[in-house]
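Chains as they are written, first to last, in my numbering: chain W, 1 to 345; chain Y, 346 to 690; chain S, 691 to 1035.
Don't take each hint at face value.
[Said to hold, decoys possible] Here are the simulated lysine to aspartate or glutamate pairs, EDC-like style, with alpha carbons at most 16 Å apart:
#1 W:Lys28 x Y:Glu492
#2 Y:Lys506 x W:Glu339
#3 W:Lys161 x S:Glu837
#4 Y:Lys373 x S:Glu831
#5 Y:Lys506 x W:Glu340
[Stated by the list, open to error] Some chain W residues judged to face chain S by a derived CB distance under 10 Å, without partners named:
#6 Ser58
#7 Gln60
#8 Asn72
#9 Tyr284
For the record, the hints were derived by calculation from the structure and aren't laboratory data.
All of these numbers come straight from a predicted model, not from anything done at the bench.
Backbone N, C-alpha and C define an ideal beta-carbon position, used for all residues, glycine too.
Now for the letters of each chain:
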Amino acid sequence: MSGNNFCLGLGIGTKSSKGDWLEVYYTKPVFEPCNSLIRALAGVVGYEGGNQAIEISSDQLADLSKAFGAVNAQDQQEIAEALQGTEQPLVLCILQDDDKPASTPEVYLKLTLISQRIVQPHGTNLDGMFGLLPNVAWTNEGAVSLEDLPMRQLQARAQGKLLDVHSVDKFPKMANYVVPAGTRIAATSRVRLGAHLGEGTTIMHEGFVNFNAGTLGTSMVEGRISAGVVVGEGSDLGGGCSTMGTLSGGNNVVISVGEGCLLGANAGLGIPLGDRCTVEAGLYVTGGSKVMVLDDQNQEVEVVKAGDLAGQTDLLFRRNSQTGRIEVKTNKSAIQLNEELHANN
Amino acid sequence: MSGNNFCLGLGIGTKSSKGDWLEVYYTKPVFEPCNSLIRALAGVVGYEGGNQAIEISSDQLADLSKAFGAVNAQDQQEIAEALQGTEQPLVLCILQDDDKPASTPEVYLKLTLISQRIVQPHGTNLDGMFGLLPNVAWTNEGAVSLEDLPMRQLQARAQGKLLDVHSVDKFPKMANYVVPAGTRIAATSRVRLGAHLGEGTTIMHEGFVNFNAGTLGTSMVEGRISAGVVVGEGSDLGGGCSTMGTLSGGNNVVISVGEGCLLGANAGLGIPLGDRCTVEAGLYVTGGSKVMVLDDQNQEVEVVKAGDLAGQTDLLFRRNSQTGRIEVKTNKSAIQLNEELHANN
Amino acid sequence: MSGNNFCLGLGIGTKSSKGDWLEVYYTKPVFEPCNSLIRALAGVVGYEGGNQAIEISSDQLADLSKAFGAVNAQDQQEIAEALQGTEQPLVLCILQDDDKPASTPEVYLKLTLISQRIVQPHGTNLDGMFGLLPNVAWTNEGAVSLEDLPMRQLQARAQGKLLDVHSVDKFPKMANYVVPAGTRIAATSRVRLGAHLGEGTTIMHEGFVNFNAGTLGTSMVEGRISAGVVVGEGSDLGGGCSTMGTLSGGNNVVISVGEGCLLGANAGLGIPLGDRCTVEAGLYVTGGSKVMVLDDQNQEVEVVKAGDLAGQTDLLFRRNSQTGRIEVKTNKSAIQLNEELHANN
Chain W
1 MSGNNFCLGL
11 GIGTKSSKGD
21 WLEVYYTKPV
31 FEPCNSLIRA
41 LAGVVGYEGG
51 NQAIEISSDQ
61 LADLSKAFGA
71 VNAQDQQEIA
81 EALQGTEQPL
91 VLCILQDDDK
101 PASTPEVYLK
111 LTLISQRIVQ
121 PHGTNLDGMF
131 GLLPNVAWTN
141 EGAVSLEDLP
151 MRQLQARAQG
161 KLLDVHSVDK
171 FPKMANYVVP
181 AGTRIAATSR
191 VRLGAHLGEG
201 TTIMHEGFVN
211 FNAGTLGTSM
221 VEGRISAGVV
231 VGEGSDLGGG
241 CSTMGTLSGG
251 NNVVISVGEG
261 CLLGANAGLG
271 IPLGDRCTVE
281 AGLYVTGGSK
291 VMVLDDQNQE
301 VEVVKAGDLA
311 GQTDLLFRRN
321 SQTGRIEVKT
331 NKSAIQLNEE
341 LHANN
Chain Y
346 MSGNNFCLGL
356 GIGTKSSKGD
366 WLEVYYTKPV
376 FEPCNSLIRA
386 LAGVVGYEGG
396 NQAIEISSDQ
406 LADLSKAFGA
416 VNAQDQQEIA
426 EALQGTEQPL
436 VLCILQDDDK
446 PASTPEVYLK
456 LTLISQRIVQ
466 PHGTNLDGMF
476 GLLPNVAWTN
486 EGAVSLEDLP
496 MRQLQARAQG
506 KLLDVHSVDK
516 FPKMANYVVP
526 AGTRIAATSR
536 VRLGAHLGEG
546 TTIMHEGFVN
556 FNAGTLGTSM
566 VEGRISAGVV
576 VGEGSDLGGG
586 CSTMGTLSGG
596 NNVVISVGEG
606 CLLGANAGLG
616 IPLGDRCTVE
626 AGLYVTGGSK
636 VMVLDDQNQE
646 VEVVKAGDLA
656 GQTDLLFRRN
666 SQTGRIEVKT
676 NKSAIQLNEE
686 LHANN
Chain S
691 MSGNNFCLGL
701 GIGTKSSKGD
711 WLEVYYTKPV
721 FEPCNSLIRA
731 LAGVVGYEGG
741 NQAIEISSDQ
751 LADLSKAFGA
761 VNAQDQQEIA
771 EALQGTEQPL
781 VLCILQDDDK
791 PASTPEVYLK
801 LTLISQRIVQ
811 PHGTNLDGMF
821 GLLPNVAWTN
831 EGAVSLEDLP
841 MRQLQARAQG
851 KLLDVHSVDK
861 FPKMANYVVP
871 AGTRIAATSR
881 VRLGAHLGEG
891 TTIMHEGFVN
901 FNAGTLGTSM
911 VEGRISAGVV
921 VGEGSDLGGG
931 CSTMGTLSGG
941 NNVVISVGEG
951 CLLGANAGLG
961 IPLGDRCTVE
971 AGLYVTGGSK
981 VMVLDDQNQE
991 VEVVKAGDLA
1001 GQTDLLFRRN
1011 SQTGRIEVKT
1021 NKSAIQLNEE
1031 LHANN
């Protein structure tokens, strides 16, 4: 227990009728907790180092509250007090290191770290997380295991009530865990826990953000941010636009969008974009698209694969409406462009 | 209090723990109420003219009910009676003129006027409304202020319940305020209060309608109607199609769709369309797109910017699948077309 | 009552205040019930053959439970027991033949058969179903008739509660009736009752599945499966992609997707696809699109309408990014292709 600790969280969650964790809600995880806090908690819950998700009983909350108080962790103390008397499952998850997660509560803690903007996308080790996330029915009565679902649906019906199933997924929607400051999320069902929304981000109804992905600052998002995709400050995603993910599609390049970019409505992006780039509405640019490079005089320079322009700034991708050709216009002269294009040959 | 009055509404709403209005529900606003109704209410609530959102107490409902009854406003009387005994915040909003709104209850009244088809989109002054609409967490327990949210989420959890956050937005979904007659709305989360759905309109799951926008009659909408966009009788919007809004994109032209039009699936529209126009599936037409005009004999007439064809009728926009060129086919001869195209030069 | 019986189901549902059926939930329909089961039930409910939706009272459940038990129909017996004491409307729907449905409970039974994978899409007679499905407000308190809605909304408000309207539609969302084994449905609002999801299917947030349509096996669906469209084992639909339905668009060809296909993100499909076909991201292929056929040496073979390639295997549709031309690449030589293309002339 020396050196840096990674994080800890006091969580309240849901288990299946079999006793398996379905999900855990951490109101306010502590990033890099100090050793004195760890030591104070260790005495209460029997923590002996390493990464542990320690199940606790409601009876232990009073002692935890004192332990938090003893090291002036007021936020945590308030949480422990608010939870007193609960009959729901509780967990204290302490992660000494950012190793790959080993349990459902650990995965939920790490996804919460991202959504609370404590770490950025790709900023914590999520290896193997899929196998640790059960597929859950997310209902108006909270998380329900798929095994328990049919009988609970029938029983609710018999009582004249509805067990409303909003989603059947390994990931819950983020907004039931955290709503980051300075954001709007028009349809919360479209932002998964583990998304990162920068302050000033609006996710409109057609927007979508997967886990380990999102925006770093102000953005108007009406398109889809796939898993792993990060969008820089001041970039907008038009309605229905697509960013290629790495989970499917046979693509290993991680797509990203720089600062001050615009993806037009119904456009698509299969390459990483630098700053101040635009993809015209309705145009899908994949890594393999052959594009004619035009210089600042609209002169043809060379045909290249769009993937070769990955990360370059100040590009405008468009389809010539009279020739059907995909063109990329830059603000540089032909000579500059030729040098750049061949710099990596 | 002479002449025309604009409208009034008796509303029940929600306030934050600080006492700020979060939203107001008006079951049935009265458009252009007569002076005798205004006078009857004025005595009860102390209205002295102008535009006022007057907070009332539950105790005043009996007197309001009598006042409504005295002028045979039966619908309003029923509302006042149905609300009796409530502990929720109440407001009587009387707007003498259609000035720009000055309070949250006024904005909600005006948005409700549109969604109840009492006024059409662009039919009421909404200037400055954004500043009057708080960003709200819309939950299964109604509107919750963002400040109050985290503690309420934690408390609900402690009690084994879920405070389910459906949306974090300045606008609520329309269907919790009004479901207009003769409509279907497959996913109500995608139609904001302030949308106008004509009788016979179906909004499918992929459809979307923003405020101050919508359809005037029968329409099958599987695409997105952006803020300010109005769609005429008998026009259909295919799945995932896009209409450019004026809030973003640097475009000041208000997009509209005439009668009997079809926007194909995944198509896009950046110009106002006249009647009986079609945009082919998958084609995005922006104002700056250069399109080859073809006459009724499929002869080439001229290349023009699509924006120059704004409002013209009987156009078919398509991308030639062999040349990649955007073409617009008309039912007119080359001579007629040339005259029309140059009429405004 | 001899020979094959089609199916039966014991359902619990909702009626409007007028006494009309709004919807019926069948936990576990019995396909092709044996005559002994039919006879056992007939005695309890007075069934005399044919297709009948027989309303029953809660008092009859004990006798029904016995009748089920007498023929060892344990699942059904459990349902009858779970429902005992309910005050909700009950129905026993017995369909001797797969005739077109004659009542709301019959339509719900047939849609449930598809969603429970008991029959495949197009596997049961749904003629005239639209007229039998009322348009319903689907709320957090279950199905509400549109006539009853405004007063219930107002009353809920007066009590400080929210009657939350999720959808106004003739079809409910499937997940409140059945969640098929081995599926994920990220946003259940986008999958209608009557959809068929094969084991191993994931419907992501942007996915959509209409009734009488769906997947037969493993699929990642991030696009829209229109009414009637069936997708074969191992095919993926990219984000926002479109499949043309037959309900609108003036198209009578039933679209389908073979096995091992990929529709790219924001692509569109207007022809039936054979196995192992790909449509490039962002490309919309309609039946009328003229496409240049390229052989396995990338040699031009012939221009054909895409509709002429319906059902063929191993095709890659793409738009040439330098000429704007739609091309289809095959893995066959020019000679083979010419023979195939002209085989049906």
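Q | When the least beta-carbon distance from Gln60 (chain W) to chain S is tested against 10 Å, hint result | A | 35 Å, violated
Q | Holds or violated: Lys373 (chain Y) to Glu831 (chain S), with C-alpha atoms at most 16 Å apart | A | Not satisfied, since the Cα-Cα distance of roughly 23 Å exceeds 16 Å.
Q: Mind checking the alpha carbons of Lys161 (chain W) and Glu837 (chain S) for me, to see if they're no more than 16 Å apart?
A: Violated - the C-alpha atoms of Glu837 (chain S) and Lys161 (chain W) are around 20 Å apart, more than 16 Å.
Q | Pairwise hint evaluation, Glu340 (chain W) against Lys506 (chain Y), where the allowed Cα distance is 16 Å at most | A | Outside the cut-off at roughly 59 Å; violated.
**Q.** chain S contact restraint on Tyr284 (chain W) - CB to CB distance below 10 Å
**A.** 3 Å, holds
Q.
So if I understand the rule, the pair passes when the alpha-carbon distance is 16 Å or less; does Lys506 (chain Y) with Glu339 (chain W) pass?
A. Roughly 62 Å separates the two Cα atoms, so the pair is violated.
Q) Is the straight-line distance between the alpha-carbon of Lys28 (chain W) and that of Glu492 (chain Y) 16 Å or less? A) Holds. Lys28 (chain W) to Glu492 (chain Y) sits at ~15 Å (cutoff 16 Å).
**Q.** Interface restraint verdict for Asn72 (chain W) against chain S (beta-carbon cut-off 10 Å)
**A.** Violated - the Cβ of Asn72 (chain W) stays beyond 10 Å from chain S, reaching only about 39 Å at its closest.
**Q.** Status of the hint placing Ser58 (chain W) at chain S (closest C-beta pair under 10 Å)
**A.** 29 Å, violated
Violated hints for the displayed structure, listed by number in ascending order: 2, 3, 4, 5, 6, 7, 8.
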